[in-house]
Every structure is written in C-alpha cells, then in structure tokens.
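Asker: Input sequences plus hints: build the corresponding full structure.
8 protein chains.
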Amino acid sequence: MVEKDIEQLLCEVKNGETSIEEAVLKLKEAPFEDMGFARPDFHRSLRQGQGEVIYGQGKTNEQIVEIAKKLLAHGQERVLITRMSKEASEYFKENMTSEIEDFSYDELSKVAVAGKQVNTAEGIGRIVVATGGTSDIPVAEEAAKTAEFLGNKVVRLYDVGVAGIHRLINKKAMDEIMSANVIIAIAGMEGALASVIGGLADCPVIAVPTSVGYGAAFGGLAALLSMLNSCASGVSVVNIDNGFGAGYLASMINHK
Amino acid sequence: MVEKDIEQLLCEVKNGETSIEEAVLKLKEAPFEDMGFARPDFHRSLRQGQGEVIYGQGKTNEQIVEIAKKLLAHGQERVLITRMSKEASEYFKENMTSEIEDFSYDELSKVAVAGKQVNTAEGIGRIVVATGGTSDIPVAEEAAKTAEFLGNKVVRLYDVGVAGIHRLINKKAMDEIMSANVIIAIAGMEGALASVIGGLADCPVIAVPTSVGYGAAFGGLAALLSMLNSCASGVSVVNIDNGFGAGYLASMINHK
Amino acid sequence: MVEKDIEQLLCEVKNGETSIEEAVLKLKEAPFEDMGFARPDFHRSLRQGQGEVIYGQGKTNEQIVEIAKKLLAHGQERVLITRMSKEASEYFKENMTSEIEDFSYDELSKVAVAGKQVNTAEGIGRIVVATGGTSDIPVAEEAAKTAEFLGNKVVRLYDVGVAGIHRLINKKAMDEIMSANVIIAIAGMEGALASVIGGLADCPVIAVPTSVGYGAAFGGLAALLSMLNSCASGVSVVNIDNGFGAGYLASMINHK
Amino acid sequence: MVEKDIEQLLCEVKNGETSIEEAVLKLKEAPFEDMGFARPDFHRSLRQGQGEVIYGQGKTNEQIVEIAKKLLAHGQERVLITRMSKEASEYFKENMTSEIEDFSYDELSKVAVAGKQVNTAEGIGRIVVATGGTSDIPVAEEAAKTAEFLGNKVVRLYDVGVAGIHRLINKKAMDEIMSANVIIAIAGMEGALASVIGGLADCPVIAVPTSVGYGAAFGGLAALLSMLNSCASGVSVVNIDNGFGAGYLASMINHK
Amino acid sequence: MVEKDIEQLLCEVKNGETSIEEAVLKLKEAPFEDMGFARPDFHRSLRQGQGEVIYGQGKTNEQIVEIAKKLLAHGQERVLITRMSKEASEYFKENMTSEIEDFSYDELSKVAVAGKQVNTAEGIGRIVVATGGTSDIPVAEEAAKTAEFLGNKVVRLYDVGVAGIHRLINKKAMDEIMSANVIIAIAGMEGALASVIGGLADCPVIAVPTSVGYGAAFGGLAALLSMLNSCASGVSVVNIDNGFGAGYLASMINHK
Amino acid sequence: MVEKDIEQLLCEVKNGETSIEEAVLKLKEAPFEDMGFARPDFHRSLRQGQGEVIYGQGKTNEQIVEIAKKLLAHGQERVLITRMSKEASEYFKENMTSEIEDFSYDELSKVAVAGKQVNTAEGIGRIVVATGGTSDIPVAEEAAKTAEFLGNKVVRLYDVGVAGIHRLINKKAMDEIMSANVIIAIAGMEGALASVIGGLADCPVIAVPTSVGYGAAFGGLAALLSMLNSCASGVSVVNIDNGFGAGYLASMINHK
Amino acid sequence: MVEKDIEQLLCEVKNGETSIEEAVLKLKEAPFEDMGFARPDFHRSLRQGQGEVIYGQGKTNEQIVEIAKKLLAHGQERVLITRMSKEASEYFKENMTSEIEDFSYDELSKVAVAGKQVNTAEGIGRIVVATGGTSDIPVAEEAAKTAEFLGNKVVRLYDVGVAGIHRLINKKAMDEIMSANVIIAIAGMEGALASVIGGLADCPVIAVPTSVGYGAAFGGLAALLSMLNSCASGVSVVNIDNGFGAGYLASMINHK
Amino acid sequence: MVEKDIEQLLCEVKNGETSIEEAVLKLKEAPFEDMGFARPDFHRSLRQGQGEVIYGQGKTNEQIVEIAKKLLAHGQERVLITRMSKEASEYFKENMTSEIEDFSYDELSKVAVAGKQVNTAEGIGRIVVATGGTSDIPVAEEAAKTAEFLGNKVVRLYDVGVAGIHRLINKKAMDEIMSANVIIAIAGMEGALASVIGGLADCPVIAVPTSVGYGAAFGGLAALLSMLNSCASGVSVVNIDNGFGAGYLASMINHK
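Residue numbers (UniProt numbering), protein chains in the order written: chain E, 1 to 256; chain R, 1 to 256; chain A, 1 to 256; chain V, 1 to 256; chain U, 1 to 256; chain H, 1 to 256; chain Y, 1 to 256; chain B, 1 to 256.
Among the hints, a few may not be true.
[Stated by the list, open to error] Under the rule of at most 25 Å between Cα atoms (straight-line distance), these lysine-lysine pairs were calculated in the PhoX-like manner:
1. E:K153 with E:K171
2. V:K171 with H:K172
3. B:K59 with U:K86
4. A:K86 with E:K59
5. R:K153 with E:K256
6. U:K171 with Y:K172
7. H:K172 with A:K70
8. B:K14 with H:K14
9. B:K86 with R:K59
10. R:K70 with R:K59
11. R:K14 with Y:K14
12. U:K59 with V:K86
13. Y:K86 with H:K59
14. E:K171 with B:K171
15. B:K70 with B:K116
16. Y:K59 with E:K86
17. A:K69 with A:K86
18. Y:K256 with B:K256
19. R:K86 with V:K59
20. H:K70 with Y:K14
By construction, these hints were calculated from the structure, which means they are not laboratory data.
Answerer: Take a look at the structure:
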C-alpha cells in the first residue's frame, strides 16, 4: 500500500465511503504489502538491459528454459545462466523458441547468455580479473562473463600467481592493475595473490578463493583463510569458487 | 628511476658523459627502484588530509608515539590509530609534544586520532554501519571512525538484528539502507544480518563477522561461514572483528 | 516386575510356596524385565494409525519389503519408508503381495508409504514447512510427508529465503507463520531463514540445515552453526538434511 | 501504533480534527509500530505475568538496572535476567528503587528475577530437566529457572548420566520421564544422555550440550555433534551451554 | 541392597519378623541397590581395599571431604581423588577427622589418597607407564598412581620419546617393554611414541595423547589423531590428558 | 648378536683368533642386529595356529595371493585377509594352488581366511561384539572374524543401540555383557553405545566409531569424539571403522 | 631484455642510430625482461640438462604435448611431467614428433620424462627416500624420480614404518640413513616415520604426509599434524602427497 | 661406551684382566651407550663449540641451571636455552657459579646463551631471516639467534610483508635474497611471504607460520595452511612459532 493508496483510503474514511473498521483492517494488512518497495533499485539496475540471473545448478533442464522464457517475456533483454551443465545447454538450444533471440554457452565457465547478446559497457572504469594459475580460469571466466553481462569492461590477467612474481610485477600488468576500478583476484592453493595485488593496487580488491589444489588445500579452505587474513587493506572475500558473486559485486562498485 | 632520469642517463651516454658500462649497471639496478611507483595513488589518496594508519596492537607505547610523530612531521594532517589500549592512549597524551595539534581517544572502539581532528566528508554518498546487537558496537565504531577519518559521512544503525526483524524493516531504517552508497553489516552469533541487508539493499555490503557469542559460535566462525555463504548478491566478507578493514574498503568504494 | 508381583512373590515366600533362593533369583532378574515398560506410550502413539517407520538407507530391497510386511501383518495400518531409492521402490512394487493394500512413492523426497494411504490430520494445529530455496525442497518434503503420515496438517512455504525477504514478509506468508503451531525452517548455505522466522513467529521453530551450497558451506556446516547460534528464542536444530527428524518432532509438539 | 490508536486517528480524520496530510504522515511513520503485530502472541505470552528477558552478559551494571526499570515501569510484573555476574547482582540490589518490588539472584545459574517473584505454573504439564553430571547443573538451573519464570512446573533430575545408567533407569526416574510433557537433557563430555532419554521418552527432548569436559571435548563440540546425530527421534539441539534457550523453548511447547 | 540383604529380608518375611507391606516398601526402594547387581564385579574389584574414586575437578573443597568421609564410613579402605587442586588438598588436611586414617597428596599429578595408604599389588603382571617427554609426567603420574591405587605393580619409563629413539631401544627399556602385561604410552606433540611402542611390544598398549606442545599441536589434537591412526596393532586411545582413564583400564586388563 | 655370540667372540679375542680391531667392528654393528629380538613374543602368539594378517586394501590381487602363499609356505596354518574386495577374493579362488588347503570369504565384512579354517578358541573368556545399528555390522563382522581367527569365542549382540535401550537392558543381553571378558562396542551416529555399555559392564570396552550416519556425523567424527569423551571408565577407542584393530586388541586382552 | 641487448641499445643511442625517445620507450617496456634476473640461478640449475617441469594435473593432453615441445625446442634437454594420467601419456606417445628424442612414463608415480632420458647425478651426496608402508610408494616414486631427474643419486628405503621398527633400525637401513645427505620421509596414517628418522639422522629430513589411511586419518591431516609437531630437530614438512615438492627441495639442498 | 672403551675392555679380556663373564655383562649393558653412535655427526656438529640445546618451556628454574651446568661441565663450550622466561633468566644469573663463563639473555626472543658467547660463523653461506611484520620478530630472533649460535652468518630482513611488496622487491632486499644460502620466511596472518620469497629465491626456503593475527587467523592455522600450499618450489614448513626448528634446520643445510 503506497502513499497514494493511504491518502485515497483516508479520503474514503472522511467521506464515509469506507467505515473506520474496514479502514483499520486494510491498514493493518498494509505494512507487508509496502515491503514490496524493498528492492526497487535493485530491480531497476538489473532491468535496464542486463536482467535477472538464473543459478543453473540444481535446476532441471526444463526449469531453466521455462524461467528464461518467462524473464525474457517480461521485457528483460538478456538472461545470464550460471553453473549450467553442457547437457543443459544442449537441451536449451533444442528447446529454444523464436521468442529467445539468441543463445551462447561457454563450456569452461558453464555460463550462458540467453537473449540479446551484446551489452554496452556503461560501467565507470575497468574491472581486472586476475588468476594465480590456469586452473583458476573457469572461476575467473564466470566472474568476467558476469561482469560483462552486467555492462562492464573486463581486463583478463591470467596465470600471474606469486610463485613467479615477475609475471605480475612488470610494466604491462602493473599498468592494468594501477588503472583498474575494481580488481577480482582469484587463486587456489595458498591464495597469496589477493594480498600481493591488494598491496599493489589502489582500488577495492575482491578475493575469490578456489578449490584448486590438493592435500592441505582442503577444498579451498587454505586460500579462503589466507585471503580473510590478508594484511593488505581494501581486500574482501567471497565464497570459494564464487566467480558470479565476485563479478556481480565488482559491477556494483564499478557502477557507483 | 623515473622516465626523466632514464632520459637524462641516455643523454649522458650520447654525450659520452657516462660510459656504456656504467649506464648498463645503472639500468640494471633501476627496475626495482621503479617499483616504487607501485603505490603512488594509494599514497595520494591517503595523504590528502587523511594520512597513514597505525595498527596499535602489538606495538609499544613508545613505538606508537614515535611513528605518529614521524608521520605528522612528514606533512600528514592526522593519524588514525586502531586497537590502542587505554593505557597506551594515556601514555600518548602524556608524551605529546606541541607538534601534535590534538589527540582524541574512544575507549569503546580503541580508536584514536592524533593531529587535526575534523575531516571533511568528501566521499560521494553515505556509509551505513549496521550491527546485529549492542555487543557488536565496538567493532562497528572501529569501522565507523575509520570511515569518518577517511572523509566519509557515516550513518549508524545499531542493534537491528534479525531476531526482531521489525527493527530493521521499518520506514526509517529502510530509508537509510535504500539510500546508502555502501553498507557495513556487522554481526556475531549466526551473522544473518548480512544476508538480510544484502537482500534488501542495492549497494555493496561489506560483512564483518564478530567474535560475539558463545558455544558453537566458535569465536566468530559461525558468523564468518554464514556470511561467506550469503545467498544475497553483492555481499563480501572481511576477517572476524575487522572493523578497520571494513571501514577502509567502504571508504575506497565511496570515493569511486 | 510390578508392585503386585512382588507382593505375590513375598506371599509365596511366606507361605513356603517359593524358596528363598528362587525368590532371590527372581528379584535379581526383575528390574530389567520391568524395563520393558519403558516405551509403551511411545508405542501407543505410533500404533494408533501411524505406525512404525523404516529408515531405508543402508537396507537391502529385500529387507525393506520384509520389515514392511511384518509391521503391516502386526496390525499397523501404514508404514513410512524414508530415504528409499527409486530402484528400491520399484522392487517393492514388484514384490508387493495382497496383504499390502497400497503403496505410494515420492521420488523427490525418497519417501514412501505402504499400506493405507489416507491419514486423518488429528494434530492440534498446522505445521508450516518453510525453505530458503528450491534446492531444499527434497528435505522439506521428507519433513512434510513425515508430518502428514503422522496425522498433521502441513502448510508448505517454499523458496522464501532471506535474500529476497519480501517473499517471506508479506501478508500471505506472514499469516501462515503467525497461525502455525510449529514451524520447520529448512535452509542450506547461510541458514539465516531459521533466525528470521524465529524472530517473527510465536511458536517453536525446528531448524533443519541442509547440505545445499558449495565451498565454505562445507556440506551444511555453515547452516548448522548459523542455526545453532540463532539469536531468536524458540529455535532448536536437528541434523543436516534430517527432514524426517524435524517432521517427527513437529508432530510430537503438534499432538500435545 | 496499536489498533486503538489507528482507530482514534481515523476518527479524527473523519471528524476533520486531523488533516489527511497529517494522517498520512503519522501512518507512514507507524509501520515500525505496526510491525509490532508481527509478534503479538509472543508479547502476549510474555506479558501475562512473565515479562521480557534481559541477557546480562556484555551489558554494564547500569544498563541492566535501567532496562529492568523500564520494563517494570511498562507494566511487566517480573523481569528475568540471565548470565548476570554476582557483582552485577550486587550493584542491582544497591540501586533498586521502590518501583522494583523484589529481587532474587542465584549465583550458580547466574539467573536473577526482578519484580514479583512468585509465578503460577499455568503450563499444561511438567518439564523435566535432566543432567548427566553435577558440573552441568549451572546450565540446568538456567534452563529450570527460565521455565519456572515463564510459568511451568519443573522437575529436576540431576546427575543421571549414562556412565551409571541405573541412576536413570529406575522406577522413580522413569516415572518422571514417562510423565513429562517436555524433557531438557543437559550433558557435556560425550552427551549420550540425550539419546538415551530420547529413546526412553515419548515427548519432545531438547538437548543442551555443555562445555563440561576436557581434551577432545573441545569445549562442548563432542557433546554437540553427539546430540545432533542422536539416533532417537524427537530430539533437537540448542547451542552449547544455552540453558535459557532450552527453558524458553520447553515453555513454548508446554504452553501449546 | 546386596544379595545377602535380600535373602535376610526374605527370611524375615518368612519368619513373620517383617510384614509383607514393609518388605514391598523396602524392595521398592531397593532398585538402586538392586541395580547394583549390574556391576557387581566392578564393585567387588573396587571394594576389596581399593575403593571408589572422586574426580576432584569442579567439586568444592567441602564436597570432596564429604564424599570421601561417606565412602570411608561405608567400609571402603581408601579413596582415590584425582584432579585435586593443592588448595583443596590443604583444606582436606585441615578438615580431616580421626575416621580418616591417613591422607597423601602429590602436587605434580594432583592425585590424593585418603584412608589406608599401602595397597598390595595383586595384579597379574606389571604395567609400564612410558612418556615421550618430561612435560608428560603429570599425566603419567595420574595414570601410575591410579594403577597403583588399584593394586598394580607399575614401572615408570619416562622421557623415552622417539626424537632420541636410543632412549627407548636399549636392553634395559626393552626388557621392561617386553615383560609388561599392559603398557600406557603417554605423549604430546606428534604422539609417535604409541606407534613405536605398539610396534615393539606384545601386549595391549593404551595411548594417552597429552596437551603438551604448541602451535599445530592444537591442544593435543595432533597427538590424538596420530595415536588413533597408529599402524601398530594392539593400540587403543583414551581422551587427551586422561591419565586416570588409562590407569583404570590398564588395571582392568592386568586383573584379568 | 645374542649373548652366546658375544661370549664366543670374546673367547676368540682371548684366544687371539679374532683381533681386537675386528671385534670392535663386530660389536659396533651388533646392537641393531640384536633388535631382531624385539618382537619374538608377538611372532610367537601369532604363529601358534593364527598366523600373520594381510591388509588387503591397496594391494593388487597378485600381491595378496603371493603373500598368502609365502606365509602358508612358512608354516603358518591360516592367513587372515582384511578389506579384501569381492573381485580380489574371486581372483584368489581362481589362482589357489593345492598348497592352500582352503579359502573362505565373507562379502559383508570383506574378510577372508586362507588355509586351515577351523580354529580352537583358546582365549580365556568370551568377547562380546555389540553394534548400535544394522549398518554397523560390516565393521562388527571384521572385528568378530578377526577375534575368532585369533582363537577367541565371540558373542554377537547386534542392533542394541541406545535409541531403544530396552534392546540392551534386558536379561539376555545383560547376561552376555556381565559375563564378557572384553566387549567391543561399535556404533556410528552419536556413538553413545560405548558409554552405556561402559557404564554397565565390568570389563574393558573397546569402542569402534563407524562412518555410519550423515550430515553432522562428519564421517564418524561425531561418534569418535563421543567415545573419546566417554564418562564411563574402562573404555578406550580405536580408529573409525577399525574392526580389525578392535578384534586384535580384544584377543590380546582375552589371552592374558 | 638481457644485458647484451641493453648494451646494444645504448650503443645505438650513442651512435645516433636510435633516438633517445625510442630508447626510453624500449627501456620502459623492458622491466619484465629485466625481472628475469630475479631467478637466474634457478634457471641455470634447471637449464643445465634438467629443464623446466610440467605439472600435468588439470592440463589437457594437447597442452602437455605443446608445452613439452616448446621447452625442448628452446634448448632444454629433458622435461619432467608430474601427475600425468596414463591416458595422457598414451596421447603423448602417439603425438610425439622426431624433435622429442625419447619418452618414458611410470604409471605408479604418474611421472614422465620427455627428451634425453639419462641424467648424471652431479649432486653432492645421496638422497634417501623412505616410506612407512607400501601404499606410500606412488608418492615416494614421484619424489625419487623428481630428484633423479634433477641430477641426484637416490636410495629407496620402502616399507620401514614404525609399526615394525626393526625394519628401520638394522645395520643396513641405518647405514643408508647415517650416510644420507638429505632424507625424504614419507608416511600416511600417523606419520610417525618422520620423527623416528629425524631422531636418528644427522641431515635435513623432509617429511611428506600422505593421504594413505582411513577414518581419523582425515585425508592426510593426522600425518600432517604429526609431522609438523615432530619433536626431532631438522624436520620440515611439505603438503600432503607432495612428492614432487619434496624431491625438488631435496635436490636443492643436495646441490649446495 | 665409546669405541675406545670397547677396545680397552677387549684388551683386558685378552690379557685376562677381565673375565669373559664380566665382559659379557658390561657389553650387554653398553648398547644404550652404543646407541649413541646413531647420531654421532649430530653430536659432533653440536659439540664443536656449539653444544646441546635446552628447551626452557615447562622446565623449572632449577632444572635449567642444573642441565646447563652439567652440559658445560662435560666440555660443551656454550649452551643455547630457548623459550626461557625473564624470571628464569634472572634466577639463572643469580645462581651462576664460576664454572659458567658468561650468560646473555634476549627478552624479545626469550633466547639465552650460557658459556662462551662468541661463535665463529663457519657455515658455508648466509642465512636470511625475513619477516612479514614487526610482530613476527620474536619468532624471527629465536630463529636468528639459534642459527648464529650454531655457527652461521645471519642477515635480518624484517617487516617486508607482501602488503607493501616494494619493501621486498627492491635492489637491496633482492640482493640479500638472491645471494642467500637458505632463507627463513616468517609470517603470521595470511603467510603469503613464504610463497613470494619462494618464487623469487633460488635456495631452500623454510617457512615459519606465526600465531600473529586475530579472528580467522585461528592462532596461526591460516598462515600454516597457506605455507603448506605454497605454489613455489623449494618451500617447506615447520610448526607455528617454531623459530628454533627453522634456525636449526637452516644451519644443517648451511653446513652441507
């Protein structure tokens, strides 16, 4: 019940069109309806060309197609689908109808885009996505593709892990890092990349631990703890392997 | 060795003022000196009225005073000191010399400011600092005071934990949340506040787990894991009780 | 050996019908035989139309059929079988004999009912089963079907997770929550749903952490710790993914 | 803003005493008050002679007295204060004013009651509070005193741990267990008591792990995991040492 | 109520010295005594000069004295008190009455014996108590003194840790190990002693991890896990620092 | 180098048959050769009809057959093979030669015996093997078959878990427990069985946690911690699922 | 840009062949090349006949072949490939071209060598690789083959675990241990081997925990913690199952 | 019994001064002394001016003095005492007798040297001790002083953590790192220093995690896991805060 409705109701009470009892009842029911206002800005930012996102894991092929169709039917230009299996993407392609303009799928990152493919990068600056090794690239691509989908220019800086720090500390890479608006630092094993980049950069660094590694990596726990304890300022952490979350947050910051 | 110096050296080589051997030597030594450029922007952003920060914990009273004096002598207007014991603050006051304009200390958050006290809030928007309970306030004040020190307008929203969600979901609190540029969500125990705010807000949320709680809270681990697994987008996490880190990162984002 | 029997025995001793040696023996054996009375009420509550439950996991197809037949042969009207594989359900159907009136199987929750299907909901009030996301539904259905099997009216409130709190805080959902007799709150990832519902509701909340999630969810540990540390009163927790346990306990409370 | 106030306001609108603009403003500010309806039953159950609870830990002596006075001034008959240090209780006694009718403090459980002391046990049945050992008694008394404060009849069954199972499995103790409406099973070390009682009883069992023990007890973790994995049905768990939570939940169930 | 008493009572009933009503009453009160038959051998083994044990930790000085007096009054020759603080031992000495024949206290192991001091070692063979280092000796003495109290011959083999394996593998130490009936292997840090002794000995080895160590010793966890994974056969483990438990079990085995 | 050899060498030195230099060399080499005496008793106890054991896991089919043949060829009557896959057992049967008298394989426990099958139970008393549930039986059978192989009389008491404690506390089961010489208590989930049996029995109890369970059972960790913290005396613990280790140790104790 | 190139450039500047502006540009781009000086010794030691290493896990068959070809084409004599699947090795053999002189693959350790096979052992002394059991051999062979590839003489001492310490403490094994320059101690389960060898040897011991074991071995955690807490001096630890890391480090020490 | 003594004994046997029986007895008692040969090089390296080490923690003041005196009396020139409290050092000074030439104590590292103070650095090259922050210096000094005591030249490179990587990557620091023979990398929090140095250096790197940090540092666990997972080759790890172990191992490598 928005302001206008309350006014209207009060008028009706004044005019005797609505009894006080009825009005009390309606007003008591209202507060939660008002709660709908809770995420309008969020909806707005997503709606303007980027659209809602589907987390593919744990959803059936049918569900994914159905949700995508509904979103596109409601005026959304494009839909991002994350953690989509190859098999689901094939099912999708076979069951696309003309209402879905286009569909692309990246097997490495398991990210798909349904609908209008090209998106303008209206974000303020550039988002640098850096990885410690080549095995971190699937997570990195989930982050990069999410950020691109949400209208950001993304620079990829892969395999610049600290074991060979010269790969990171050289004019070219440093230029990217110095001019970035946000950096996503993705690493498994000991996760030291986040701290090193955090110590070099002058912008927010979103650290993504990955489950890459073995033994005492404990499925990403070592990298996670390492990143949480980063002695560099300006570093925050998302869940293990959460490329989407990092890309989404980076886009938020880049659109400020 | 900056560009100008290299040019100068080449001129000397051309003119025969410097031998090729000497020049090779100098150039070989240069790269790391050049690395000094790595954090100029960082220094700049800090230098302009906010200044360097001293992490007080594990430093002797003497060390803190000495570092603060050095920083202020090098033209920094004010120095933030975090995790400073009351005893250290008293020692500081007793040993201040006229070169330190002023000194304030907040016992709750253990945060002190030495030098010029007032700082203009030149950040873009407002940073909301929210806590789940009253016991989280010391961490919150570390975050808030850090952000204020770095030139941000801060809105405090304390004790709005999810156990009584109406404290959070009401017009006044929601208005603050909806109009924030960055939100710092601080909570111990089950740390659900971050997810709820993340689901309501449309800006980056920095989650700070606190060590508040007992039993299976395991010193903040429960809140930490909860926040890392937040199903809301736009949420990232810093270390347990790391109010400073959250305030610093929030300021970074707010100055974009 | 109840009081009357002891009296009788003493009489026999007095009368010389039983020797002291025999009496000593009987008295020494008695206490444990008496223990048989330990669970009569429990048996009663189960026997009246609901019947014994079979935990299917780790049992062979043959064992399940055999136990079900025995239970039904002993006068139980229906048997609940949980964690039953699809393959086991097919074996069951193929090997049913006329003594088993009917058999239904739900693949999602892996719950089956053998015997008389319909059960009257004689519980006092309604049990609300709420989930944070759609992936939690299999656990939720195990809980719901268990509660229904035991004679309760169940209201399902799925996918009302805190990431979009308006899904929970609206007139319709709130009405269900406000009028529930017991609520089962089921969530994976950060498990915040239990705290939020616990803060809103005025009845016992049984929290069920699920293994839904990845990375730092650690197979349900994050949700489990979160729920154990709930700052809301009236919340208790069962094992990860333990839908049956929650449904069973909810029924107990609802039959008070 | 309660129902009566809304009615009053609508009357004034109808009568022209309040303009529609003013009424809209007042109603817009109301939601927080309106949100109060979210837990009316909770308030009711508490209000009727039992009153709000103060969690003393982490609160200053002054804060506790202040909150207690405010609650009692708002018509609450008695206030429960948990985790109150002895020193805080002494401060309380010294700073009590005549508006606080009485005050009692139990050093063992650190529980205090301010205001009217005696409470009628209007709960349906009895709550049995059982402990494994004597060291668990402080937690047990927190639970018992909470339940009594909330209007329940409590039976104490202390030191009936499974190491000497005859202490539990005898006519007298079994009678209590069999006739209980809710049982709170409190144990540290291996926490087996909850399973054994859960296997014997026919009512909900709330298990409270305690931090009693050493070595691999890991501060209550062993008991916590043990209780969560209880093979007995009808058992749920609260946080380590959370006597209050158990007592509160038990009262909720006992008032159904 | 032991067998003899029951017989006596039955005689009285038979002879009419006791009415049936009185006898029923006595027998109904007996269950605890009757339940005693559950552990007759245990009682026997304890009763014959060794007596019941008091776990001192968490008990008040008064409680310890009181329990000790009661046990000694009931015919027990001596009482073992473990985890007794020095202060408690002093209180004991001051409050001893003539009914307690003697009292000895060992500050290192915090073990005391009240009553008749000397006990005959009627155990079959010898129990060897070995420690990895000198810091493990308090735990070792708890084990050794417990075993001696229960009537065993104990051989101490301290500071024979694997870092200098020649301390263990020499004729003298090996002779003790080879001729032992049970061995208690006590070690902190990496706890390797249990495996090495387990590999050398031909008798049951009870491994006791201790909390000696720092860093990744995690309060005894490293030693505990190490001992549980011992590749030597015949090794079992008790709780961290549980010298009493090891001594008690060793005595049980040694009296077979 | 045994005593006799040293004497011989000294004689040779005395007689000048061996030079002092040679003798010094031989004596310096000796100590480790002497170490061979380290496990003669162990060998003896195994050799007398029971023989060496093969841990099948991680060994190829060929290796198992080869080792078994070698052991039987060296005079051992029978060989126990644990953790042997069904496939390995079939390979064994196909590749047996006449030198192997017989071969039996139990699929449930994955235990095989090669050579002479029947073994006399020369152990002193009976070993009771008890399990909490039916899913623990494979581990229990590994323990039972190991104990039988090593010459012990074994009583099986399966599915006597504490959730239905009357299954354990009844005349028949109690008689077995009371007359046992050693008890092996095997349970997953909360592992309370060990404590309950430990509290009832008067003989050493070897607790075996199993990986049976789900969720917060954490692969046997819950049962392991529970058993390590057992408040009953006389209980010690072996590794999760280590049926062999329990059976071996029980046999050691039963042959004392 | 190596020294020679810088000299050349300076000459050109001097001679006027290159303008100062062009030279500045080239030098600014150079740092990355200059950074190469950071690990010249590393490169040297690798380059001289041993060459760069490929970590096969997570790389496609094509990538492995491609990288190997490139390395061999750049003058490296041989390439070590670790964690290579059998299938990858077969693909390699099929796709080898004449530029790759030879290829060998060891299925057990998953280690391959491409290029010139034989390598001279120019290391100072011998590296002993010892394992606790036979299941640790794959990790041991990864270590041994890495060390041999890098030019070291390796002595294998397998299956000398502490459960039968005479296997380790005998003249032959002790001679190897006493004369080693570096020892790699590899063990799963309780990992005691490292401590025992560390206590015997007089050279650096590199401990490698393996994931061999079950239950409370927790995938190598038990061995890892055990080794980190080794009471023997001179022991350091690498990641679980990290045979390559141990072999590489041992070679480094052996070439000092 | 050293070689010389055995020779002497054999001479006596040859000469008839000692009977064969007596000699056998003496030789049988000898092995323990003979076992001493197991670590002759260790003893040698220690004996030559450096001497045995005393781990002060957990030892009484008296014990430390006594052991030091005994070692110095047996010809050792100097004794290193680690983890010595200030109070113990004062007791030492007060109770020194003329036989102890000198005594020095460093409060920061809690390291003392008793006996001859100056030691020649006969190690091959230099050991670099680097720390991430200033709080790691106590551990670093324990390492440095241990290495110096054992005859090594030590270079200190403190506070070069990765948060400001230019502190590490500059000509001066790099020169030290490049020319080191062994590097000890000491860091708390995220422990990234080890990886970065491992990636830059060409010599063995011994990583020492410290307990510096808070929250998710979990007492050094984060740094420990980070270091164990180092993606740089040539890195191994010792226990948390184990400065002595690192210094000792570094000396071993540096004396190769």
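Asker: Compare the structure with each hint and give your call.
Answerer: Cross-check of the supplied hints:
1. E:K153 with E:K171: 21 Å, holds
2. V:K171 with H:K172: Cα-Cα ~20 Å, so holds.
3. B:K59 with U:K86: 20 Å, holds
4. A:K86 with E:K59: 19 Å, holds
5. R:K153 with E:K256: 16 Å, holds
6. U:K171 with Y:K172: 20 Å, holds
7. H:K172 with A:K70: 24 Å, holds
8. B:K14 with H:K14: 4 Å, holds
9. B:K86 with R:K59: 19 Å, holds
10. R:K70 with R:K59: 15 Å, holds
11. R:K14 with Y:K14: 4 Å, holds
12. U:K59 with V:K86: 20 Å, holds
13. Y:K86 with H:K59: Cα-Cα ~19 Å, so holds.
14. E:K171 with B:K171: 17 Å, holds
15. B:K70 with B:K116: 15 Å, holds
16. Y:K59 with E:K86: 20 Å, holds
17. A:K69 with A:K86: 19 Å, holds
18. Y:K256 with B:K256: Within the cut-off at roughly 7 Å; holds.
19. R:K86 with V:K59: At roughly 20 Å apart (the allowed maximum being 25 Å), K59 of chain V and K86 of chain R satisfy the hint.
20. H:K70 with Y:K14: Violated - the C-alpha atoms of K14 of chain Y and K70 of chain H are around 83 Å apart, more than 25 Å.
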